[in-house]
Each structure stands twice: as C-alpha cells, then as structure tokens.
Amino acid sequence: MAYYRRVGDVPPKRHTQHRTESGGLYYEELMGEEGFSSDSSLLYHRHLPSAIVDSRVWELPDQTTTPNHPLRPRHLRLHDLFADAEWKNTDVVTGRRLVLGNADVRLSYVVAGADSPLYRNATGDEVVYVESGEAVVETVFGALHAKQGDYVVLPMATTHRWLPQGDEPLRAYAIESNSHITPPKRYLSRYGQFLEHAPYCERDLHGPSEPLQAEGTDVEVLVKHRTSRGLVGTVLVYPNHPFDVVGWDGCLYPYTFSIHDFEPITGRVHQPPPVHQVFEGHNFVVCNFVPRKVDYHPQSIPVPYYHSNVDSDEVMFYCGGDYEARKGSGIGQGSISVHPGGYAHGPQPGAYERSIGVEFFDELAVMVDTFRPLELGEGGLACEDPNYAWTWAGRGPK
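Residue numbers (UniProt numbering): 1 to 398.
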C-alpha cells in the first residue's frame, strides 16, 4: 500500500546514525515485502530487534481440513462455535477456530474477552473483520483502535496483540493469507494513489499515530510460520520488549478500514460481485456488501441472478442487516454460506420475485472468493446446518 506515513522520532536521512539523548545508537530495522522490491518501512528500536534468548514449539490449534466431498453448498452457523461461558477466557489469537481453508487462505472465527499473547504471522498478511465489540490492537508500529465493522489489516510478520475493550464479547472473523493483501490494483494509479472511481480512499485508512515504547524482559512472541511439512508454530523469547520502537516511516504498516466507509457502486441493472471488492490476495479476493440503493431499471430484478462459480468457491459471511436473497434458507447473522465451484447458485425460492420493485437493500456481508477449492476446518464441521443444500428444492435425498 503505497501511502507514506511518518510516526515518532526518525532521522532526516535513512540508513544514517540516529542517536539517543545519551549518545547511543538506535537500531534501524527494514521491514519490507518481496525482498527489497516492494513496499517497506524503517523502524528504529532501542534494542537489537534480532536478539532472542529462547525458541520452543507452539502447538497450533487444529489446522486439519476435510474436502467438500461429495460436493454441496454449505451453511455454517459461526455463532454456535463458542458457548456463552467460554468467551471471557478466550483470546483472538489462540482461540481461533478454523472454518475453511486451502493453500492460499484460511478463514477462522473467534469470540474473545481475554487479552491475546504477542503474535506474529510469518506466512502472510491478515485481515480481521470485527463483527461486534471493540479492541485495542497493539503493534510494533503503535496502537490501533478497532470497533464493529472495522477491517484490521496486519502486514505479514507484524508483531501485535489484541486487547478486547468493554463488557461485550469481541467477535472476529480472521482472513489469514499465504500472500500479501492489498487494495485492488484497478483502484490505484500506477504510482499507488487511489483513483477517483475507487469506493474508498486514503482518508478512510487509519494507521498508528504514535509509537508504544513498551518495556519488558524475556518477552514471548507466538510465531505462525511454515516448514516443508506445513503450518507450524514457534514461541520466540526476546530479552527486551519488541515494542521498543521510537519512530518509523514508510508505506508498510497496519491500519483499520471501516466497512461503513465503503461507498457502494450501483447501476440500472444488477451489478456483479467485483463492484463490491475491497481487497485482493494471491488466488482470492475480499468483497463487502453494504446498505445501498439497488437497481433502478424499470424491469430490474434487484437480487442476484443465478450463477455458476466456474473458477472459484464463494464464501459469504453475513454480519448485519437483512439479506434479501437468502430468506427462507435458515441463514442469519453470524452465518457463512459456501457455494463451491461446479455448483450453480442464487436466490432462495421466492426471493427472485419478491425483490421486484425493491429500492434499497439493508445488508452487511463479507465475501471471500477463492480460486482454489476450499476445505472444511474443524470449526466449519462443528457448526454446519445439514439441511441447507436442499433448501432450493424443498426436499433432500430419498
């Protein structure tokens, strides 16, 4: 994301001496993507950022997946995954339950009330959508304040932790990639500025405003990374707190973006899903559906036409409002629908006809389309509605 920010104390020239008041040196760290060929930031630490005193195994939550076979659409009720008594002792990092995943992206859900440990995802960027509740997300770049409707965008290897706020549970939907996640290229100029036709812009992105400069010794950081055998976890122990940064500048940093700041693109007839796109990663895209005026052609049918996902699986997370096309299916807030490649899908029976003449949809949903098949994680298997696949026909197998 080529949008420059400068926070805290940095020297006038990069890669030059930056000294403390007592005459010592701050330690410069380049955090960059794609080697030295893409966006980066320079962070200035009080202590050596590479110093560790221990390394041991972190046993990750269950990451196994099961193929969607035999092929069928799925309805997953995420609000069934966490009992009422669980959330106060659950944190956003270690409490995640894997819902769906493939080699490019993993989708997890958590309901949390406890502070998370320090955490770093070294496999790819994360985008975490806050369904409800509030949190402070402390990062090596500074703190972010996240609330209902916010996407929290965390670049790969950003050390951070989640601190839920208030008395209500924090409900979070985590999109973990094995690549970088960015705004769609078609929204950006060749130099990286948002273009006039983009549904959001730099003013809508909220990054850290000051460094944290935390203190601490023998500080543990949970690191998710990969080996030739797959996804694994490690606990690294640092002699000094990683949040010892006095200043940083650059174009790579965490930020929040509110779904409520997305300006919907509408037309005379029904617009295809790409107009709702908000982010893209390798082999997947993220879209959001927000309250909006709908099609205004006199003969329009506002709900989606039936369509086949020839190249992709479509995952819709319903997180607010009233989703007109799914009425009668059992889907509600906290539901996920999975419409896999090779299956034609569309509105529930009656929705096509009911939508004629409707002028406004009050709906909120986050969609992930993947270009490789998704498999079901343990969380997805634990909360499936077994009757969803047959709701268009009105009956199941004999």
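You may find that some hints are simply not true.
[As the list claims (entries may be wrong)] Below are the DSS-like pairs computed for lysine-lysine, each with C-alpha atoms no more than 27 Å apart in a straight line:
#, residue 1, residue 2
1, Lys13, Lys88
2, Lys185, Lys88
3, Lys147, Lys293
[What the hints assert, rightly or not] Quick list of the computed label-pair ranges, beta carbon to beta carbon:
#, residue 1, residue 2, range
4, Arg6, Gly267, 36 to 42 Å
5, Gly23, Phe371, 52 to 58 Å
6, Ser308, Asn387, 18 to 24 Å
Derived by calculation from the structure, the hints in this document are not laboratory data.
Please read all numbers here as calculations on a predicted model, not as lab measurements.
For each residue, glycine too, the CB sits at the ideal point set by N, CA and C.
Now for the hints, and whether the structure bears them out:
As the CA atoms of Lys13 and Lys88 are separated by approximately 47 Å, the hinted pair breaks the 27 Å bound. Proximity of Lys185 to Lys88 is assessed by CA-CA distance (about 40 Å); at most 27 Å being required, the pair is judged violated. Between Lys147 and Lys293 the CA atoms are separated by roughly 25 Å; this keeps the pair inside 27 Å, and the hint holds. Separation of Arg6 from Gly267 is about 40 Å and conforms to the stated range, judged on CB atoms against 36 to 42 Å.
One distance hint, 52 to 58 Å for the beta-carbon pair Gly23 and Phe371, holds here, with the actual separation near 55 Å. Distance hint check: the CB atoms of Ser308 and Asn387 are about 23 Å apart, consistent with the given range 18 to 24 Å.
Going down the numbered hints, you'll see the structure goes against 1 and 2, while the others check out.
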